[in-house]
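So the protein sequences, as listed, match chains D and L. Residues in the first sequence are numbered consecutively from 33, following our numbering. Residues in the second sequence are numbered consecutively from 1345, following our numbering.
Some hints could be false.
[What the hints assert, rightly or not] Below, a sample of chain L positions facing chain D; criterion: calculated Cβ distance under 8 Å:
#1 T1497
#2 A1502
#3 A1508
#4 G1606
#5 G1607
[To be verified] Negatives, chain D to chain L, calculated, CB over 12 Å:
#6 R76
#7 S201
#8 K217
#9 I335
Since the hints were derived computationally from the structure, they do not count as laboratory data. Being a predicted model, the structure only gives us computed values, none of them experimental. Even for Gly, the Cβ is constructed at its ideal location relative to N, Cα and C.
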Amino acid sequence: MTTVAAKPATMAQALNRAMRDAMAADPAVHVMGEDVGTLGGVFRITDGLAKEFGEDRCTDTPLAEAGILGTAVGMAMYGLRPVVEMQFDAFAYPAFEQLISHVARMRNRTRGAMPLPITIRVPYGGGIGGVEHHSDSSEAYYTATPGLHVVTPATVEDAYGLLRASIASDDPVVFMEPKRLYWSKADWNPEAPAGVPGIGKALVRRAGTGATLITYGPSLPVCLEAAEAAREEGWDLEVLDLRSLVPFDEEAVVASVRRTGRAVIVHEANGFGGPGAEIAARIQEKCFHHLEAPVLRVTGFDIPYPPPMLEKHHLPGVDRILDTVARLQWEN
Amino acid sequence: MTVQELPGAGASHRSTPPPAWRPRTDAAPLLPDPEPYRVLGTPAAEELDADLMRRFHAELVRGRRYNAQATALTRQGRLAVYPSTVGQEACEIAAALVLQEQDWLFPSYRDTLAAVARGLDPVQALTLLRGDWHTGYDPREHRIAPLSTPLATQLPHAVGLAHAARLRGDDVVALAMVGDGGTSEGDFHEALNFAAVWKAPVVFLVQNNGFAISVPLSKQTAAPTLAHKAVGYGMPGRLVDGNDVAAVHEVLSEAVRRARSGGGPTLVEAVTYRIEAHTNADDATRYRGDAEVEAWKAHDPVALLERELTARGILDEQAVQAAKDAAEEMAADLRERMNADPVLNPMDIFAHVYAEQTGRLREQADMLRAELDAEEQS
């Protein structure tokens, strides 16, 4: 059994293993980005890949994100399966034109003749004490662009399974890695890692009956902690991990909220135009008659990401989640 | 603390910096010639390959006719827009004909003629500009990338594709086309830099036609020539008369040979002129005078070649007439086929967004389907 050999492993190790296994399984998989070769990436996620597969398969590129993604497009046009690392969330912005004008549209533009199987890995989110431009939650920019999938793991096991599935996808995937969970640990067996059947399925991480916390990526551990603390208040919270924002698992969200009758969406990204706005709209479309209370959100404030010494006031925390849960009209 | 006390002072002190500060490559061989290279009207024309030149002539005549027909189609409402290459046919034809079967062409939105000269059906090449779909052909079947509308963004694609082919050991060269305005874009810079670092088998062809819509080159760059930009990336820059098809073909051939043999990329600047406005929707009289246009018309790429070949006895009246007849035939066929309304299926807008449609798209497709059904019944 796999559980026999399972031992504590980090999300970083699982991501590294996912790329290593994908590269071993398919010679078309090429990893490229800034510092991904000799150094193994600034977060060491690509550690050892250049040594094992050679610099042609794991390539240190010039420091230019549009060039990295633009050349990846050409490589994918020729039949390769590039896995691109953007060093930080805010450093991915120079690549936006390539992403939005080409990566997201090439399949559609060519009536399916030329899909682009590119995985764009983006470390995202705050809570690491990073200086400006190192802590953005940029997912809404990507979810607003048709043609892209947007996937984000929150656990060690998903880091492996979802990254393998993303690399295997024939469509471009923006794979958002919650950087503050890179060193989070869980029992995991790297020799027999579990895959996932595909992207686009949410998972109930904690079953509950009173309300659903809908979340993803870096906010999952916060929500689980909040759900635990909520027991003392007499609230039995369900926690749903979306795992991918596009495709969006509406079925799972609707099923959970119809069961619990209350919903709070939690993410670090700004509230205005953030994923929570879309999710709340869908819930009221599909669950209106099942709702006991208005759908609420706990999100980052609508401000540029604050300096690191103030970020704790910005990020959704357990207390703010519990305060919000308290407003779910429990008297009904 | 004094200098003597600093770590590294004393015996280990070096009077010259470590060697890394020196230039790594000799810039001189990378520099373009001071004047655009020419063949027609020079002694070099004595070496011309008669068969190849007759073919160029026929293609230029056809290209000129294609431009006229496409512009006419905009007036008839059959094309949404057409960016003309009248005056630039030599570049378009040479770019297409310099490539081998397995090579790739990366055209900009203005370069439908190059795609047609490479063998693409003009109706398929014009799909984007007609507006019935974004790309009318399978890029892999023809080895022609989709016409790129965002300027210079196709250049890194060419680099990546050529790099991938080289990694696989395939004999493939990519030729990427861009205009003078496009050289100001960041993607131009990044593509040239990646290509040079990777020694990718790419040829960059800049058609300097004098204007980026209305903005003249003097407001676009302070570089001595656009070809000089190559030197900063460590690749050769070549300057050529873009209206001299023999010269453009020769310079491109040399660049393609260099790329194919592992020598890396080349930047070619072809100096030419956009005789017509930016598109049929533009008014060129607002930003340039007739005298300038007339001067360039006197240096017309079709007339230049025809004069040279006729004088040398390579082309006779019969051949000129045959070229014109073939061009008319192409134009008549294009006119007839473009005059037929394209068959559209509105549901196609949902069909290719993803390999597998998302739930949301299924819902929206159902909504449109219902609207279409209701329309049909009423």
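Grab the minimum C-beta distance from A1502 (chain L) to chain D and call the hint holds if it beats 8 Å, violated otherwise. Since the shortest Cβ distance to chain D is 6 Å, the answer is holds.
So is I335 (chain D) really clear of chain L, every C-beta pair being over 12 Å apart? For I335 (chain D), whose nearest Cβ neighbour in chain L is about 29 Å away, the distance exceeds 12 Å, so it holds.
Test the statement that R76 (chain D) is away from the interface with chain L: the closest C-beta pair must be farther apart than 12 Å. 24 Å, holds
Would the non-interface assignment of S201 (chain D) survive a Cβ cutoff of 12 Å against chain L? 8 Å, violated
Taking the least C-beta to C-beta distance, is A1508 (chain L) closer than 8 Å to chain D? 4 Å, holds
Regarding the hint that G1606 (chain L) lies at the interface with chain D, is the smallest CB-CB distance below 8 Å? It is violated, given that the least Cβ distance between G1606 (chain L) and chain D is near 15 Å, above 8 Å.
T1497 (chain L) was flagged as interface toward chain D. Is the shortest Cβ-Cβ separation under 8 Å? This interface hint holds because 6 Å falls under the 8 Å limit.
No chain L beta carbon within 12 Å of K217 (chain D)'s: Per Cβ check, K217 (chain D) is outside 12 Å of chain L; nearest 33 Å; holds.
A closest beta-carbon separation below 8 Å is what the hint needs, so does G1607 (chain L) meet it against chain D? 19 Å, violated
In summary, the numbered hints that this structure violates are 4, 5 and 7.
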